[in-house]
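Student: Spelled out from the first residue to the last, the chains are:
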Amino acid sequence: MSKKPLYLGAAYYPEVNYFETIDQDITYMKKAHLNVMRMGEFAWSVFEPNEGQYDFVWLDNVIKKLYDNGIYTILCTPSCTPPIWLTRKHPDILRRDDDGQSACHGGRGHGCPNSPVFNEYVNKIVTAMADYFKDNQAVIGWQIDNEIYPWRQGCHCDFCMNEFYAHLKSKYGTIDNLNKQWSLRIWSIEYQDFNQIPYPKIKEWGSHPAITTEYINFQSKSNSDFISRQADILRNRGISVPIGTDMMPFLNQDHYITNQNLDVVMFNHYHSQKNFFEAAFWMDYISGLKDRPFWNTETATSYNGPNSTNPDYFPINFNYINTLLPFVFGAEMNLYWLFRAHYAGPELMHSSVITSQGKAIHNFDEIIQASAALEKCNEFLTDFKLSDPDFAMSFSSNAYNIFEGQKVVTGFHYTENIINIYKLLKEASVAPHIHNPNNTLEKIKVLYSPFLISLEEEDFVDRLIKWIKDGGIWIAGPLTDIRNQFCAKYIKSVFGLIEELTGIQNLYQIPATTLNNTIEFENGKKSKSYIWNDVFETKPQHETIARYKSDSSNIDQKPAIVSCKVGKGEVVVLGTMPEYTLLLELIKTYLKKADVLPSIKCSPNVIAVKRSNNQKTGYCIAELSNEKGSCELDGQYVDISSGKTLKGKIDIMPYSFLCLEKV
Amino acid sequence: MSKKPLYLGAAYYPEVNYFETIDQDITYMKKAHLNVMRMGEFAWSVFEPNEGQYDFVWLDNVIKKLYDNGIYTILCTPSCTPPIWLTRKHPDILRRDDDGQSACHGGRGHGCPNSPVFNEYVNKIVTAMADYFKDNQAVIGWQIDNEIYPWRQGCHCDFCMNEFYAHLKSKYGTIDNLNKQWSLRIWSIEYQDFNQIPYPKIKEWGSHPAITTEYINFQSKSNSDFISRQADILRNRGISVPIGTDMMPFLNQDHYITNQNLDVVMFNHYHSQKNFFEAAFWMDYISGLKDRPFWNTETATSYNGPNSTNPDYFPINFNYINTLLPFVFGAEMNLYWLFRAHYAGPELMHSSVITSQGKAIHNFDEIIQASAALEKCNEFLTDFKLSDPDFAMSFSSNAYNIFEGQKVVTGFHYTENIINIYKLLKEASVAPHIHNPNNTLEKIKVLYSPFLISLEEEDFVDRLIKWIKDGGIWIAGPLTDIRNQFCAKYIKSVFGLIEELTGIQNLYQIPATTLNNTIEFENGKKSKSYIWNDVFETKPQHETIARYKSDSSNIDQKPAIVSCKVGKGEVVVLGTMPEYTLLLELIKTYLKKADVLPSIKCSPNVIAVKRSNNQKTGYCIAELSNEKGSCELDGQYVDISSGKTLKGKIDIMPYSFLCLEKV
Amino acid sequence: MSKKPLYLGAAYYPEVNYFETIDQDITYMKKAHLNVMRMGEFAWSVFEPNEGQYDFVWLDNVIKKLYDNGIYTILCTPSCTPPIWLTRKHPDILRRDDDGQSACHGGRGHGCPNSPVFNEYVNKIVTAMADYFKDNQAVIGWQIDNEIYPWRQGCHCDFCMNEFYAHLKSKYGTIDNLNKQWSLRIWSIEYQDFNQIPYPKIKEWGSHPAITTEYINFQSKSNSDFISRQADILRNRGISVPIGTDMMPFLNQDHYITNQNLDVVMFNHYHSQKNFFEAAFWMDYISGLKDRPFWNTETATSYNGPNSTNPDYFPINFNYINTLLPFVFGAEMNLYWLFRAHYAGPELMHSSVITSQGKAIHNFDEIIQASAALEKCNEFLTDFKLSDPDFAMSFSSNAYNIFEGQKVVTGFHYTENIINIYKLLKEASVAPHIHNPNNTLEKIKVLYSPFLISLEEEDFVDRLIKWIKDGGIWIAGPLTDIRNQFCAKYIKSVFGLIEELTGIQNLYQIPATTLNNTIEFENGKKSKSYIWNDVFETKPQHETIARYKSDSSNIDQKPAIVSCKVGKGEVVVLGTMPEYTLLLELIKTYLKKADVLPSIKCSPNVIAVKRSNNQKTGYCIAELSNEKGSCELDGQYVDISSGKTLKGKIDIMPYSFLCLEKV
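Residue numbers (my numbering), protein chains in the order written: chain H, 1 to 663; chain V, 664 to 1326; chain Z, 1327 to 1989.
No lab work stands behind these hints: they were computed from the structure.
Note that CB positions come from ideal geometry on N, CA and C, so glycine has one too.
Treat the hints loosely; a few may be bogus.
[Said to hold, decoys possible] Under the rule of at most 27 angstroms between Cα atoms (straight-line distance), these lysine-lysine pairs were calculated in the DSS-like manner: (1) V:693 to H:492; (2) H:201 to V:864; (3) V:864 to Z:1391; (4) H:180 to V:752; (5) H:528 to H:593; (6) V:1312 to V:1291; (7) Z:1415 to H:65; (8) H:180 to V:1312; (9) H:359 to Z:1391; (10) Z:1357 to V:1202; (11) H:492 to V:1291; (12) Z:1357 to H:274; (13) H:601 to H:649; (14) Z:1506 to H:89; (15) Z:1875 to H:628; (16) V:1325 to V:1048; (17) V:752 to H:169; (18) H:568 to H:528; (19) Z:1506 to V:1155; (20) V:1155 to Z:1415; (21) V:937 to H:407; (22) V:1202 to Z:1527; (23) Z:1875 to H:359; (24) V:693 to H:528; (25) Z:1415 to V:843; (26) H:180 to H:221.
[Stated by the list, open to error] Pairwise CB distance ranges, derived in the manner of DEER restraints: (27) Z:1558 to H:88: 25 to 35 angstroms; (28) V:832 to Z:1811: 52 to 62 angstroms; (29) H:491 to V:913: 31 to 41 angstroms; (30) V:751 to Z:1811: 51 to 61 angstroms; (31) V:832 to Z:1558: 14 to 24 angstroms; (32) V:696 to H:579: 35 to 45 angstroms; (33) Z:1854 to H:579: 53 to 63 angstroms; (34) V:690 to H:195: 39 to 49 angstroms; (35) H:24 to Z:1558: 45 to 55 angstroms; (36) V:1079 to Z:1854: 38 to 48 angstroms.
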């Protein structure tokens, strides 16, 4: 194996097949050049068939056998699936849904993250695993739990409620303050004690948006803490390889917070050709969460679905490019779910590397080809890091949860809108990096924050102000900076920060459908106005970029998009969402102004991600739409795979992958 | 203020903003010429922060401050929102849903109208409020509770069930009679005691329609009694200003019964331009429920929605005409919900008079313009009453509840059909008044009763017969007079009254889709037949107005619409719904026959409501579709606003409002 | 009455009308030539108004009165509707839904089939009825219960769960074996005792497909046993007339198993003109379940629906042809539901023979005409039996339940697909008989088994192999033979039987949408490939009938449809569903090869069912689409009704019915 390996592998459940298929499995692993297997994920009942009787020998044997064949192991803690002796002995560890019913045994993720008893049992088995495997050189990483997130708004048991009250008390101080911040005199809701607050019930009319958002944020935090405690156990018992938890693209679990006490960001995705740009978006976001290359821990070789296959099209070479996509975004690992298809049970209809009968899947060749491509490009991919982000777009779990609690505009979906804008920018070769407000702003020159409904995440406001004053260009809105940390409106100004920082006044706040206003840019270009209309009042120091055209004389000719210099930087406030072409033009203007270096120009179906090492630069390129595309190179490049020298406009073949080093 | 004031105002919640905004609020109230605020609606927790500790001083101060600025007050009893100390001490006062779960604290309307304990607490606070405020001259009216109706089919607690059994016992006498009237030998359902009857569960197959309808009628009555008891308390403690309860356009709460022991009908509506004719319909209905001008107690200045704004269009001047519309239908008050937008909580995304930040809403000017119009037309509007109804259309909660229990025809919606017919007639300037069966028939010449599935409401049948024999023309059907007071079919004839009264026999009853029959009028005009086909057999004294054309030889040429003289009057029975143009023609024929005076002819978008005082007549006119329209005046009129004299065909500008006095 | 009567009649509930309408009812029965009434179905509360007080005199009187007027009786046991004194005394007999809530009194089918107490009460009343009526010569048959099937997945009470555990224990032996067969190491689900297994909860993610399928099969079996116990009681008390239970076209109740201990298959159907071919399909299936002519126990005269009429079109003569359709498929009875429409209650809006007011329904004439046709054709219809099936198509409750537990392909509906193929074949005059795997294969020459996901029903596999080796042609697939009796995949081969029997290897299993492969037949005809793609590897002894055209080089040119001689017979395996025209061509080829006698050729809208007695043959013909059609006679025939001789191509009039005897 190379010194700086890239990993390609799969989830492997030898216990499910009673260890009868291992030899055949290894033959296929080697054929496909897989070099890592992820094991133990759901194996609690095999690890600990009865309370306190641990059995790790079987796994030790498998790990050894794989290692002898050049295959590393990622070990998983099995906390996602407590076994029947535990759920029977302690039924109060089961997740309780908001209808008051406990989860029943037979699924997964049925344990409560706040249950002391459950945590105790998890502690014991994780400790035992760590002690047993800590010196095993074949183990290159640990995964904690599996796809944790607040399923059905999370758990609502008494442990959770008590933790929730403690959380609220620590945030709000007094119940009177909570009553005021949530404005609970409306409907005489006012509580006299924290423990009178009910969890959000979906069926009640007018469920309070702050409760909804606080509860989901709390459940997300509870999950993070549950994961974090396991990470601490592992480290305390001597684990030194990277620890992570594999997460899904669900925003109600905060990816940043969850990964704070972890070493490596793990990500699972099941996108198909029809939403492949979404996969790119999430990887762009995931890749920036930590300074370390992320691990893509799950993806499918083809069709999938728990109990019936999805009806998607998976064209030839989709498996190839989907296998390589994470590496384009700087990953160092990609794992299939799963190696051998199950022969029974809930996830029977899922594609895999080999079938239940031990035959290669129809597109097995593409795995081999992807392995070969990785091997050829190994040095480039491990040596050339992602370039520093100078243009970024905000994306936040907190914003998502606030919008889920109170949509603001009927039919508005936060994630959908953000991803559409990402696609727009990506297709125009002005792709932003995706920025979590908790990440550093340091290298960013232009930050675009649409729909960032609240800025109040940790110390983001302070860092943002400093960054602007130091020269950053912040393009904000619409629907940005209009809720405080209590999910409430600001009272002094519509904005929490923007008016104070810029002096731009927000006169009217109107859903875009209410008046069907249009806007006109200073250069004469006209646009419909989408989603929302903030109508501004400006001062001489402001530059008006677009104005409303309106039937309402109070609104007509009033500013819709305004810019204001702040320190060495600038704030551009969008009161509305213009047509995408004009949004693009606007953003490009500020990128130019900020000397953001242009990427190489690609056709819309091609993404090119810049890489650099200490001396050199390059691009990692992938075609995402199964059509021929092109790139206009800004100099002379070497194609790492073929060794050929390229320049000028080059063709990019459907679903192809290229590593280009500038010469 | 004028001697006979018209009121324009809003709901006002100073307690929600901790009294910090009052001065600013009053400035805007005066700017908009608002002269009344509705207060206290949800303020129980501020009125009585702990059991028995009443605090009305804060409200007294606000009332005084407003009064000093020329603004009256409507006081509300807060029974819609029992506070946390009460719901915690007596959880059995909470509404119980049909899944057996109690409502949880945090919403509104969570108290059970039949709970003795809840009624006791309501009694206490209403008594205390009445005693405190009874001599306050600034208070011009009392509102009881808020928008009461059987939310989720109402409460299903033990108190309710016991009351329900008492109600059934008093109506049916014996359980054997109930078994027979409901035909409970079907499926061996037969009960042996009233207290064995379950409430209607939506999830069970074949829930009995009579239970469903009786239960909703009972819950509606329970709500009425709950309101009525509060009205009695207020009067007993010396309140002499008008008392009402603000109701929504939901028919499962009977508007007539609810208002029997009240002084003034209060109505809340949130229609937009897309269903503005519906608002007109409801006001037409509401205005006839009592002899006193109604109060429109809630409407929006623009967009609204509890947790996300509705995506409707609210054009320029919609706020203006929507503000004035109730006055067209004889109201003496219109109130916005709400004055200052909330800064947090469930109804954050609702338009208002001023924003959470204390700025005027974008269409604030239209409020000022509407105020001005009202002031100019004040004398006309207060002096000229609505003219007597000579053409009326039936509309009944009881019919609605029977159809909800058993739709009769798949896809049939009672209210939707009635409103569509209203719109048809209104647009043709032959608008009916909307008539509740419990209201007098005295001045009516022609009554049209489509889909009045049961006539058995109080003494309506007797009054109807007398009215017909005295010369009334009753146009009935389809689907009229086919259920008795027990929601059952009649057995001797399909009809309860019509066959006995007219001798018209109903041979076949068939859903219109079954055979796709058409009808042909005597004048040769042809029409599809909609919704239902009753096939008649006539006697020589009957006049056949339309006959079926059918593939079925049993039906072909048989009468579909038949008329019969009864005493000095006439009964016209529609066995089917013809095309609207032919329905209109038919109705016009009978209006002419009855010498119903034609209204002035208006274009479809314009409504003109006749007014008169002792000597003179006039019209109140409004344009509802935001398009230019016209009226053909039947003489010379003075436009009250401009003082100009008008005659002949005049233009009516989009969303305009006119008061015309005949000279 | 004739010696071999055919029966036309209705469900009759004289107790519901308190016996007040009997004389009028009988007049209409005689007018319509009805000769049988079905009574007692839901009359438990009248039979046994209080525990142990039986009253059958009323029914005896009615039976006698009808018999005196030439009308026979079918008696029903009332176990579907336990009365209030029973459900109150023993609430634990009520069906428990999967949300833990018991059914409430007021519907039907609320008793648990496994409750010992309920079975005891049922035992008592059935015994009492049998003793009372066993010698009554007017009674020609007994119906047990009504439309039993696992409504809402059946009952989930403790009695059921205990029976379920016993059932699993007897099938799987040990819990370890169940864990292995269901692969419960996935997610550490493994149980340590049978009684730890929860019933399937629809709300949980990833509910285990084997639990779902086993539970529904178990509930179906529980219902069968419940019915079977009643049949035993009846026989033990001396009932010798045919006993059955009326079943709906719901496949989650196994029609074969349910009828094993019964004498006559009873079937209820409510199809309309828009899905009339479905009615034909079900009757074809039902007619083959037992060697005895079936009874169609319910159908509507026209519109129907529990609480609102369905919006279907019921053209002239639909009632006529719908009345006769069962007889085309060999039935000896057809009964309307119901004779007199109810005057109140849940099924008010249902068509009937006479109305609640005692008038004939508008299409009453068509009943008279159908009676007349039956009388004319009586001898032919009773003497000429259905011909032996030589071409059959498989249809299985077990397959349906497996697909319901795990759809395999999103959007795939087993019944829908089977019925569409039936219609295709029927319209091409190559109609198959519908074959339940438990029925004999003896006379069949060609068996077509699409989507027969598991062959493991009783001894079907053994009988199938023997039948093929003896010369049968089995056309199988796609999705046939891929699950074992534990709802799991096979491990050695994709197929359980096919590979072993034929040597055809299944290389890849792919949902058809994944790659959009097409197929090409050896004769050059091309087709899209639907639903599924099995890619085969063949040996020299196999004949490839169609090959894939694919973007994937692993699949391109690989066999898609393969045939293999086995013994004297042949197996044709379809890896995919081709276009229907090519499927038809394929099937026709094998029918010809097997010397399956062609039916007479009819236009698509006409069905012709072959009949024969010892000497002669004939056809029973019906037109199903209300359009003129035709038949090409293969000789000279006599039209039984008219006595005319026919030959060559004859016209078949819309909705007409013909019995033709070959001369």
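Student: Now look at each hint and say whether the structure bears it out.
Tutor: Cross-check of the supplied hints:
Proximity of residue 693 of chain V to residue 492 of chain H is assessed by CA-CA distance (about 22 angstroms); at most 27 angstroms being required, the pair is judged to hold. The hinted pair formed by residue 201 of chain H and residue 864 of chain V meets the criterion: a straight-line CA distance of about 21 angstroms does not exceed 27 angstroms. Under the criterion of a C-alpha separation no larger than 27 angstroms, the hint pairing residue 864 of chain V with residue 1391 of chain Z is inconsistent with the structure, at around 40 angstroms. Taking the CA atoms of residue 180 of chain H and residue 752 of chain V, the gap is near 23 angstroms; set against the 27 angstroms cutoff, the hint holds.
Taken as a hint, the residue 528 of chain H and residue 593 of chain H pair is honoured in the structure, with Cα atoms around 26 angstroms apart against an allowance of 27 angstroms. For the suggested pair residue 1312 of chain V and residue 1291 of chain V, the alpha carbons sit about 13 angstroms apart, so the restraint of at most 27 angstroms is met. Taking the CA atoms of residue 1415 of chain Z and residue 65 of chain H, the gap is about 65 angstroms. The hint is violated against a cut of 27 angstroms. Only pairs whose Cα atoms come within 27 angstroms are accepted, and residue 180 of chain H paired with residue 1312 of chain V is rejected, the gap being roughly 58 angstroms.
The suggested pairing of residue 359 of chain H with residue 1391 of chain Z is violated, with an alpha-carbon distance near 73 angstroms, which exceeds 27 angstroms. With a CA separation close to 26 angstroms, the supplied pair residue 1357 of chain Z and residue 1202 of chain V stays within the 27 angstroms bound. At most 27 angstroms may separate the alpha-carbon atoms for a hinted pair to count; residue 492 of chain H and residue 1291 of chain V exceed this at roughly 42 angstroms. A distance of roughly 65 angstroms separates the Cα atoms of residue 1357 of chain Z and residue 274 of chain H; the hinted pair therefore is violated under the 27 angstroms criterion.
In summary, the hint linking residue 601 of chain H to residue 649 of chain H is supported, as the alpha carbons are separated by about 9 angstroms, within the 27 angstroms threshold. A hinted pair counts as satisfied when its Cα atoms are at most 27 angstroms apart, and residue 1506 of chain Z with residue 89 of chain H qualifies at roughly 23 angstroms. For a cut-off of 27 angstroms, the pair hint linking residue 1875 of chain Z to residue 628 of chain H stands: about 23 angstroms separates their Cα positions. The hinted pair formed by residue 1325 of chain V and residue 1048 of chain V meets the criterion: a straight-line CA distance of about 14 angstroms does not exceed 27 angstroms.
Distance restraint check for residue 752 of chain V and residue 169 of chain H: the Cα-Cα separation of roughly 23 angstroms lies within the 27 angstroms cut-off, and the hinted pair is therefore satisfied. Of the pairs offered as hints, the one joining residue 568 of chain H and residue 528 of chain H is violated, with about 32 angstroms between alpha carbons and a cut-off of 27 angstroms exceeded. A threshold of 27 angstroms between alpha carbons decides the hint, and for residue 1506 of chain Z with residue 1155 of chain V the separation of about 67 angstroms lies outside it, so the pair is violated. With a CA separation close to 39 angstroms, the supplied pair residue 1155 of chain V and residue 1415 of chain Z exceeds the 27 angstroms bound.
Simply put, residue 937 of chain V and residue 407 of chain H have alpha-carbon atoms about 23 angstroms apart, close enough for the 27 angstroms limit, and the pair holds. A hinted pair counts as satisfied when its Cα atoms are at most 27 angstroms apart, and residue 1202 of chain V with residue 1527 of chain Z does not qualify at roughly 62 angstroms. A distance of roughly 21 angstroms separates the Cα atoms of residue 1875 of chain Z and residue 359 of chain H; the hinted pair therefore holds under the 27 angstroms criterion. Taking the CA atoms of residue 693 of chain V and residue 528 of chain H, the gap is about 36 angstroms. The hint is violated against a cut of 27 angstroms.
Distance restraint check for residue 1415 of chain Z and residue 843 of chain V: the Cα-Cα separation of roughly 23 angstroms lies within the 27 angstroms cut-off, and the hinted pair is therefore satisfied. Of the pairs offered as hints, the one joining residue 180 of chain H and residue 221 of chain H holds, with about 24 angstroms between alpha carbons and a cut-off of 27 angstroms not exceeded. The hint said 25 to 35 angstroms for the Cβ distance between residue 1558 of chain Z and residue 88 of chain H, and at roughly 39 angstroms that hint is violated. For residue 832 of chain V and residue 1811 of chain Z, the hinted distance range of 52 to 62 angstroms is satisfied, since their beta carbons lie about 57 angstroms from each other.
At roughly 34 angstroms, the beta-carbon separation of residue 491 of chain H and residue 913 of chain V lies within the given 31 to 41 angstroms, and the hint holds. Remark: the range hint 51 to 61 angstroms for residue 751 of chain V to residue 1811 of chain Z is upheld by a beta-carbon distance near 56 angstroms. The hinted window of 14 to 24 angstroms between residue 832 of chain V and residue 1558 of chain Z is violated, with their beta carbons roughly 44 angstroms apart. Residue 696 of chain V and residue 579 of chain H have their C-beta atoms about 41 angstroms apart, which keeps the hinted 35 to 45 angstroms range intact.
At about 39 angstroms, the CB distance of residue 1854 of chain Z to residue 579 of chain H disagrees with the hint of 53 to 63 angstroms. Restraint check, residue 690 of chain V to residue 195 of chain H: a C-beta distance of roughly 42 angstroms satisfies the suggested window 39 to 49 angstroms. Checked against the given bound of 45 to 55 angstroms, the beta carbons of residue 24 of chain H and residue 1558 of chain Z, roughly 53 angstroms apart, stay inside it. Range check, residue 1079 of chain V to residue 1854 of chain Z: about 44 angstroms between beta-carbon atoms, so the 38 to 48 angstroms window is met.
The structure fails to meet hints 3, 7, 8, 9, 11, 12, 18, 19, 20, 22, 24, 27, 31, 33 from the earlier list, while all remaining hints are met.
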